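Asker: As numbered in mature numbering (1 follows the signal peptide of the UniProt record, and there is no 0), residues -19 to -1, 1 to 262 make up the sequence shown, in order.
Hints were generated in silico from the structure; no laboratory data involved. Incorrect hints may appear among the rest.
Simulated restraints on C-beta separations [unchecked claim]:
1) R262 - R104: 14 to 24 Å
2) T115 - Y86: 19 to 29 Å
3) A242 - S118: 17 to 27 Å
Small disclaimer: the values here were computed from a predicted structure and weren't measured. Glycine included, each C-beta is placed from N, C-alpha and C at the ideal position.
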Amino acid sequence: MARRRSLGSHALLISGVLAGCSGMVSDASAPAGTSASPVSATGTPSPERSSPTPAAPSAPPAVVVLDPGHNGGNASAPEVINRPVPAGGFTKPCNTTGTSTDAGYAEHEFTFDVAQRAAALLRQQGMTVLLTRTEDSGVGPCVDERAAFANHTAADVVVSIHADGAAAGVEGFHVIEPALAPDGGNAAILDASHKVATELGTAFAAATQQTLATYPGALEEPGLTRRDDLAGLNLARVPAVFIECANMRNADDAAAVSDPAWRQSAAQGIAQGVVAYLVAR
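Make a model of the complete structure from these sequences and hints.
Answerer: Pasting the structure below:
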């Protein structure tokens, strides 16, 4: 997933749908010094010959589920989050506490903030946006419940938002697409999920200028991995991906995720990736 992949076509396409943090792009006006109607040699207006400027494509109606990882109360409820739940042919703990920066900024707080920002941008486009959790002080939901929620809503796309807690010497973001689950249950969504992953990675890199991670296992290419051990992807029956927005244990990445302006850029990248996928599918 090279940083500039697909930017030529879809970046131009979605620039008219989502523009910065301020909403829709206004219609372009005529260049200065030009007349609205050409004038003939006789001095009378000639019929307009130019074709109307095509309107920017609007985001299609869609249901989007954003899944902010972890929750603020998880650490206080180990008996709940350690309970085994189905994960697509095996079991996993219900949930985990997530990671944090060395300064103590928690992953659950980061993911919830970015999810809310991305939801606001997508709702401006008339999309129905649902979050798997609506506050940051509770426990769970469990990973299987998050997947079931998205499946029940028949979402057009699901993005699970996370940040990594890898070694301090590595940096960058990566998108995780589903591999075939051990029980084979997610076979029908693999191709569509790959398209989501491609669009999301391209848009996120452009919006944040974040490095494409090369450290994760199961690396398909810089910034893209494929895994069969995540319940949220194994149990998905609608197109779904994870994004690890940064490595919170890396000093540069930690500074980025702690900056509200960068988090807005991250939300913009997620929203643009979702729109690009929905427009192109």
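Asker: Each of the hints needs a verdict: does it hold here or not?
Answerer: Here is how each hint holds up against the structure:
Here the CB-CB span from R262 to R104 is close to 20 Å, well matched to the stated 14 to 24 Å. Taken as a hint, the range 19 to 29 Å holds for the pair T115 and Y86, whose Cβ atoms sit roughly 21 Å apart. Our hint of 17 to 27 Å for A242 and S118 holds, since their Cβ atoms are close to 25 Å apart.
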